[in-house]
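Engineer: Spelled out from the first residue to the last, the chains are:
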Amino acid sequence: MADIAVHEEDHAHTEHGGYDDHVVHATSTGLSNNKLAMWLFLGSECLLFGGLISTYMLYRGRHEGGPGPSQIFDIPLTSVSSFILLMSSLTMVLAVNSAKRKDDRNTNLWLVVTALLGALFVGGQVYEFTAFYQEGLGFTTSLFGSSFYTLTGFHGVHVTVGVIMLLALVGAITRNRVTGDKAEVVEMVGLYWHFVDVVWVIIFTLVYLIPS
Amino acid sequence: MAIIERPSAVPATVGAGGTTELVTPSRALGAYRRPVSTTGWKSWLFTVDHKKLGIMYGAVSLFFFLVGGIEALLIRLQLAAPDNTVLSAGLYNEMFTMHATTMVFLFVMPMAAAFANYFLPLQIGARDVAFPRINAVGFWLFLFGGIFLNTSWFLGGAADGGWFMYSPNSSALFSPSHGIDFWVMGLQITGIASLVGAINLIVTVLNMRAPGMKLMNMPVFTWMVLVVQFLLLFAMPVITVALFLLSFQRNFGATFFDVNQGADPLLWQHLFWIFGHPEVYIIILPAFGIISEVLPTFARKPLFGYKFVVFSGAAIGFVGWGVWAHHMFASGLGPVSVAVFSVATMLIAIPTGVKIVNWTLTLWGGKLWFSTAMLFSIGVIVLFTIGGVSGVTHAVAPSDTQQTDTYHIVAHFHYVIVGGAVMGLFAGFYFWWPKMFGQMLSERLGKWNFWLMFFGVNLTFGPMHILGMQGQPRRMVVWPEKLTGDGFFDLAFWNQVASVGSFVIAAGVLLFVINIFYTAKKKVAAPLDPWDARTLEWITSSPPKEHNFDRIPTVHSLDEFFHRKYEEVDTENGPKLVKVKTAEEVLAEEEANADHHIHLPSPSYWPIVLALGFPIIAYGVIFNLLLTIVGTALVLLAIFGWCLEPSVADDSDYDPPAGGDSTKELATLG
Amino acid sequence: MDRSEATVTTLGEMSSTRRRWPLAALAVSAGTFLASCASNAPQDYFDPAGPNAEKIDTLQRPVFYIAGVVALIVIGAVGYIVFKFKDRGQDIPEQSHGNPKLEIALTILPAIILAGIAVPTVVTVFDLNKQDDTECIINVTGQQWWWEYDYATGECGGVEISQPIVTSGELVIPADTPVLLRVTSRDVIHSYWIPRLNGKRDAVPGRLHTLRMQADEPGIYTGQCTEFCGLSHARMRQAAVALNQADFQTWVDNQLEPYTAPEAGTLAATGEQTFIANCSKCHQVNGIANADGTPVLSDPDLYVVSGVAPNITNLMTRTAIAGWTFDLINEECRDALWTASPDEFGAMYLAGVTPDCFDEAALRDWLRNPPGMKPMYVDPNNLDSTGGKYRGMPMLNLNENQIDELVAYLLERK
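In the order they appear, the protein sequences are chains A, B and C.
My numbering puts the first residue of the first sequence at 1, with every later residue one more than the last.
My numbering puts the first residue of the second sequence at 213, with every later residue one more than the last.
My numbering puts the first residue of the third sequence at 883, with every later residue one more than the last.
No lab work stands behind these hints: they were computed from the structure.
Treat the hints loosely; a few may be bogus.
Some, not all, of what chain B presents toward chain A, calculated at C-beta under 7 Å [stated by the list, open to error]:
id: 1; residue: P449
id: 2; residue: G465
id: 3; residue: L671
For lysine-lysine, the following DSBU-like pairs were computed, each having C-alpha atoms within a straight-line distance of at most 30 Å [said to hold, decoys possible]:
id: 4; chain 1: C; residue 1: K983; chain 2: B; residue 2: K426
id: 5; chain 1: B; residue 1: K579; chain 2: C; residue 2: K966
id: 6; chain 1: C; residue 1: K968; chain 2: B; residue 2: K793
id: 7; chain 1: B; residue 1: K788; chain 2: C; residue 2: K983
id: 8; chain 1: B; residue 1: K579; chain 2: C; residue 2: K983
id: 9; chain 1: C; residue 1: K966; chain 2: B; residue 2: K694
id: 10; chain 1: B; residue 1: K519; chain 2: C; residue 2: K1296
id: 11; chain 1: B; residue 1: K519; chain 2: C; residue 2: K983
id: 12; chain 1: C; residue 1: K1296; chain 2: B; residue 2: K694
In this text, a Cβ means the ideal position worked out from N, Cα and C, and glycines have one as well.
Turn these sequences into a full structure, and let the hints steer you where they fit.
Structural biologist: Okay, here's the thing in structure tokens:
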């Protein structure tokens, strides 16, 4: 639903002012509707990943009939892809800054770079999944397999949705289709992107670094 | 039914000012012209008006209430006699699973959403919710999810694992029909509806209050709805995870609940009840909010201890997260967890007790007017108290190991849910009907409705205390004659009484339905302020104009409307409250100072299209993955269209006002 | 403010005068209400028959009284207020917003009551979880839709169990002896509950839970599976049977008695062959052998999802079959047994299913068409989801002669 929340923001701003042109009142919290909604959505997402991470932590040691975490994890490779994802947060910040300066060209540039880094991360994940599968860890092999693929898969889907949002945003900026406050739209996508990154930091620590 | 059919175009009074300050974005991209119908079915399908959506939420929930009620009657028919054969074992299991699922997810929750949608913006003095199209998508998801869930009856049988759907009984090995797949996917769909609805309403409350409407000036109903939305926001993702795990297991061979692989069946229980216990408060708090509006209105004095009621509601919201394992006292958690959750559960009785005390003291010293809404509210105090104290007996963990999964528990939660939540919603119907439809529900029928339901609830669920204490477990298609005992506590007798009682409740509900049609036929216009009400939603016409308020009211106090009507006047016997203005005068004042250019969010095709994609995806997961692709394509198309469509249309998209005084016309068309 | 305080005093006075007499009346009526349960249904949990249930009862009774009194006070107060403040044309009341002092007091009061309940609750929770003082261990395993009991070898309440005993339906325990049940499940979650002896404990596959069980006196105590476990959940029942030490010794000896084949040429002897041909794939009778002397061993793993079927070596020592749902004895005998005094009970129970008491209708119906009596997902055409295995006893298409033979054979399984 992330996209919806994000795209809604295009309009709510106008809506609000639009209700009544004579009294353009600020929101009660001072935060725009869109940003507040995004924060709430991310709060909800915390619980989603909380549930998935708990499931994984409960089951990571249960892998009869298949390889376990220590046999298949390739920490250096995943560290590199994690680093790539972290760097994408940096480029996202640069995109937001450019958007605030109303610098469309640089905004687009950094958004594209962010999307590329994100895509690279997803590519890494696809490679990793393939490798694990060949080493004998299928989705249905063991509890460890099911919960590992579910947790990292959910995260991967979130990154993919983020990449699509970034590219859609680039398209919208290029064709001048962003209504409302452009900087805010970029910032909202940024919020989502940073959240997905932070979740990955937690997953990487709990899943890959802490031995079971 | 008088409804506002017309988007608020530029009112005739705009004059020179209006057009210069337009901030509408440019026209939507692409070939699609947005819907502009102001009358007929199209105006309902594509509406984003929170009031229309509220009415639709209400109508659909009421329908599902009748469906769930028929399921309940079949259950009670089956249990009316020992070793009865009205329903087969399989059908009985489907029946109680769907009864609970329907009543919780397709009646009580969305009916609360109906009231929240309709009245929350009105109560805080807003013209709509923060995200009107998301509001619409929430409704359509609920409707399609509910229909999808119920089509399982015709496609191989409904879910038969109980609404708690404990693993591993819910895995394909033990429940081979598609029923549970329908259940999982249906709840996912309605879950999205709840989640987006929660975000929407929280933003609305936090950001869109009228000037002067501080948080501690908000009506209690709005407060309770706010607490509920936070509970939904954090509870829905947990059940979402549980449902994903289950559907991955059933549909894609994952092993989450496969004990042979070393899975722990308690994982499901924890996930389910971490959602399920807040869910209990999601169900009850809106009703608490409604009667906190009704009682002061008909006692003619403010809610006793407003702050206590609000804070206790919030406290329930917090503590509600720390008590989930009291559903699992017999699950084998170990003594430490059991002791901790037992004490935490007792703790939650305190804020709940505070509410009961405050409602009772609200009545103290009042000038009580026993309208139907008031009767239902007093009924809630009485019945909820009974359900509440039996709840305390369950909090005592060792005692609960005797009570759990017996009819004693069934008695407890039906007193709380039917006696509390459902009666509360009925109070809402009778209280707000004139506001929503401009017509009075018959009070005479209403009183019959109340007394039938009140006695019916006691007749049905009162005996269940006895049945439980005599050791009759739940979820059993038959109870054997040899275990009935005899004398006063004869199980056979009390089972019969309960079955008779369920039909008394049904008669009450039927009267309500009759009342609706009777009222619609009689078409007696309701007075503007039939109850001498207290809050903001009454400072507008009945039904409200599409833009809710001609002028956004400025709020000075709790019970703003009351204080505009009444003033304290000194007499020789001390100060006395005197009515200084009628509701019509208050409203006239607002209308005289109407805002000029009111521009409302425009209807849209996309919410319904977006929502339609989800059940198609779900059918696809169950029957054929090709369908999933079709559904996904539909969802993507809808998102694409949605993104390129400004939520507020150009003025040029509207037909010009049909001459004359279009402000007036707005309120009367249809 | 003045006025609202005045209001409060009146309320205080009102409640103190009001509270006394209804309270007494209440306590009396509630007491009679609860006490009178004793003569009723056999699963009345306010009628404890052992120390574990007794502890729960002692804890919950005062809670029920308090709860009842609180409910009646609130309802009484509402009733009084509704009557007193009905609109009789009085003025609109002062718009007072409450009284914080009173509210704080009314918040603390329930908190104190609840604290009073919480302390004994916590104590009892730990009490009921003790395991070190039990004198007998019995493994209780649930499956769709019956309970299996497996007595570990060793001492059980002063009686030596030399070989494992496997039985079902009726849990036979020595009276006045603390017994520890180790509860688990082979398929879905079930819950073991004998209301008059203790609260319930879930039988969760993959987990081992313990449950204390103790009956003060010999007798039969009925129960029911209380966690929804699928199609025939309602027909998964059980009972605990307590015997004094001598009787328990007799029971154990009888269970361990070697197999005696039916006398040659009798109907029962034909029945033994019918049994081997039709039933022995799933059901074990200990000691049964083929004509050539090879032992007949069941292998229910191949045919049943849960992997077991009841051991019926001593079927006729039990009073009901098929998840303790259908009686083997007629109604008079059952009533006599259920209401027998503790002194008479042991002898009556050990007599087993005597010819006088035997009610063959249920057993014959069961052999004829089990799924007709108890729904069990055994449609042979619809076993895809289970890999061809049954989840209960399928229909064996026995003819009436075979049923006669089997009944004759089974009658000797004492």
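Engineer: Please verify whether C:K968 and B:K793 have alpha carbons no more than 30 Å apart.
Structural biologist: Distance of about 25 Å is within 30 Å: holds.
Engineer: Closer than 7 Å between Cβ atoms is the bar; does B:P449 clear it against chain A? Give me holds or violated.
Structural biologist: holds, 4 Å
Engineer: Does C:K983 lie within 30 Å of B:K788 when you go C-alpha to C-alpha?
Structural biologist: holds, 26 Å
Engineer: Does B:G465 meet its interface restraint, that is, does its C-beta lie within less than 7 Å of any C-beta in chain A?
Structural biologist: holds, 4 Å
Engineer: With the threshold set at 30 Å, check whether the alpha-carbon distance from B:K579 to C:K983 stays at or below it.
Structural biologist: holds, 24 Å
Engineer: Need the status of pair C:K966, B:K694: alpha-carbon distance at most 30 Å?
Structural biologist: Violated. C:K966 to B:K694 sits at ~49 Å, over the 30 Å cutoff.
Engineer: Given the hinted pair B:K519 and C:K983, is their Cα-Cα distance within 30 Å?
Structural biologist: Roughly 13 Å separates the two Cα atoms, so the pair holds.
Engineer: Should the interface hint for B:L671 be scored as holding, given a Cβ-Cβ cut-off of 7 Å against chain A?
Structural biologist: violated, 41 Å
Engineer: Verify the proposed pairing of B:K519 with C:K1296, using a straight-line Cα cut of 30 Å.
Structural biologist: Violated - the C-alpha atoms of C:K1296 and B:K519 are around 72 Å apart, more than 30 Å.
Engineer: Mind checking the alpha carbons of B:K579 and C:K966 for me, to see if they're no more than 30 Å apart?
Structural biologist: holds, 9 Å
Engineer: Regarding the pair C:K983 and B:K426, is the alpha-carbon distance no greater than 30 Å?
Structural biologist: Measuring from Cα to Cα gives roughly 24 Å; hence the hint holds.
Engineer: Taking only the CA atoms, is the gap from C:K1296 to B:K694 under or equal to 30 Å?
Structural biologist: Judged against 30 Å, a Cα distance of about 25 Å means the pair holds.
Comparing the model with each earlier hint shows violations of hints 3, 9, 10; every other hint is respected.
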